[in-house]
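2 protein chains.
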Amino acid sequence: MTQEEEEIVLLDYWPSPFGTMARIALVEKGVNYIHKFEDLSNKSPLLLEMNPVHHKIPVLVHKGKSICESNIIIQYIDEIWKNNFPLLPSEPYQRAKARFLVDFINKKVHGSSVKVWMGQKEEQENGKKELLEWSKFLEEELGDKLYFGGDVFGFVDIVLVPFYNWFIVFKTFANFNTIEIECPKLVMWGEKCLKRDSVCKSLPTSDQVYQAYLEFKKGWSHG
Amino acid sequence: MTQEEEEIVLLDYWPSPFGTMARIALVEKGVNYIHKFEDLSNKSPLLLEMNPVHHKIPVLVHKGKSICESNIIIQYIDEIWKNNFPLLPSEPYQRAKARFLVDFINKKVHGSSVKVWMGQKEEQENGKKELLEWSKFLEEELGDKLYFGGDVFGFVDIVLVPFYNWFIVFKTFANFNTIEIECPKLVMWGEKCLKRDSVCKSLPTSDQVYQAYLEFKKGWSHG
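These protein sequence lines are chains H and X, in that order.
Counting with UniProt numbering, you get residues 1 to 223 for the letters of the first sequence.
Counting with UniProt numbering, you get residues 1 to 223 for the letters of the second sequence.
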């Protein structure tokens, strides 16, 4: 195997929640990788070649082959480095449930968060209402467990924590503070995750996320 | 375990491509199940209870617990009845690739097909153009293999064949016939799949699909 084939490369964009998920999974598994950050307004030929369908980050390049879509990347990482800390549960029903929640977070929580980021007054308010509803659902799913999968940090936690980080920004930026009153278990879970080594190393700070948003916004107003 | 907990129930709607996928997977595994068809204009309390988030079919109820979302159901079926005919490849990269193609089909092929079904003139033409583009991509992915996973029928084939069935309807209904000229390997694959026992038993005929569409349309014009 050539050196190039052995290399593990993550094509990424640092404020992206989806990129963050892949980073956390790699750190949890103790995998060393080369981090290549993309300029999304001027995507690299490597990104276009490695994700010819969607042209999106994150892309994991392993043994010269590309794996795209964050939830597929996490499952791949779990299956390749299967002897380290497992990310998905082993029992089929629990695996199905984790996949369902991941899909829910990527669709619903992400979709409503985008409304809060981008929406004008009424749309932003709708986004906040939806986020509260999804948070209540997730609070119930979490119940009295330490993490979504039980006693150990895993797939669902990895996917939700970058959005929890957004919620913190939404507190100052969009006056989104109902979650603290209505979903105390979810907030406890989030604060615990934020202290975890793999999360600290991978997650942009709330300030960095907000700065990236302002940069984006400037781009639009000029675009 | 009570009799109710042992039962395997599929909540379904017979013209649905997503319901069809779950049916094919169950037949491939030789699993006996109780088929409950839903009236989507008047959803059953069981469906609302078993899929409280999306209220959508298909839902697999097994040991009293529900599994939702067709691609998650197929993976669950593969993991529970793992000693029968495997549906997903065993090698992690091939598994990631299968998951990527399934996601692509469910998003892109389904999305463009809906434009052909529902769209007015220009939108329908756009849907047909997109479908041809996706079909060319899939033709290339298939290459000279018998099935998407190689020599055996599996996950990607199960998810694509209900849409291939739609393509046949689109030939008469929307003059969509370029695929036969441009994607001969995909057509050969599709015709081979249509003769497969699990597919024959699960797939509505093209005529039934078109009739269901006309019923739908009548509903809208009254709605």
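Among the hints, erroneous ones may be present.
Copies of one chain are not kept apart here, so a pair can be met inside one copy or by any two copies together.
[Claimed, not checked] Straight-line Cα separation of at most 27 Å, DSSO-like style, residue types lysine-lysine; simulated pairs:
#	residue 1	residue 2
1	29	218
2	82	185
3	171	217
4	129	63
5	195	43
6	63	218
7	192	43
8	36	185
9	63	217
10	218	195
11	145	63
12	195	63
13	195	121
14	82	201
15	108	82
16	136	65
17	218	145
18	171	29
19	121	63
20	29	136
21	218	82
22	65	129
23	121	43
24	171	63
It is worth saying that the hints were derived from the structure and are not from the lab.
Everything numeric in this text was worked out from a predicted model, so none of it was measured.
Consistency of the hints with the structure:
1. 29 / 218: Close neither inside one copy (37 Å) nor across copies (55 Å); limit 27 Å.
2. 82 / 185: neither (30 Å within a copy, 36 Å between copies)
3. 171 / 217: within (19 Å within a copy, 45 Å between copies)
4. 129 / 63: Neither way: residue 129 and residue 63 sit 44 Å apart in one copy and 35 Å across, limit 27 Å.
5. 195 / 43: neither (33 Å within a copy, 44 Å between copies)
6. 63 / 218: neither (39 Å within a copy, 53 Å between copies)
7. 192 / 43: Answer is neither; intra-copy 35 Å and inter-copy 40 Å both fail.
8. 36 / 185: neither (36 Å within a copy, 37 Å between copies)
9. 63 / 217: neither (38 Å within a copy, 50 Å between copies)
10. 218 / 195: neither (32 Å within a copy, 56 Å between copies)
11. 145 / 63: This pair counts as between: shortest inter-copy Cα distance 23 Å, intra-copy 37 Å.
12. 195 / 63: Classified as neither; 32 Å inside a copy, 38 Å across copies.
13. 195 / 121: For residue 195 and residue 121, the Cα distance exceeds 27 Å both inside one copy (33 Å) and across copies (55 Å).
14. 82 / 201: within (22 Å within a copy, 37 Å between copies)
15. 108 / 82: Classified as neither: same-chain Cα gap 29 Å, cross-chain 31 Å, threshold 27 Å.
16. 136 / 65: between (40 Å within a copy, 21 Å between copies)
17. 218 / 145: The answer is neither: 42 Å in one copy and 49 Å across copies each exceed 27 Å.
18. 171 / 29: neither (32 Å within a copy, 49 Å between copies)
19. 121 / 63: neither (47 Å within a copy, 46 Å between copies)
20. 29 / 136: neither (30 Å within a copy, 37 Å between copies)
21. 218 / 82: Neither: 43 Å inside a copy, 53 Å across copies.
22. 65 / 129: neither (41 Å within a copy, 29 Å between copies)
23. 121 / 43: Close neither inside one copy (32 Å) nor across copies (34 Å); limit 27 Å.
24. 171 / 63: The answer is neither: 42 Å in one copy and 42 Å across copies each exceed 27 Å.
Figure legend: structure checked against the earlier numbered hints; hints not met, in rising order: 1, 2, 4, 5, 6, 7, 8, 9, 10, 12, 13, 15, 17, 18, 19, 20, 21, 22, 23 and 24.
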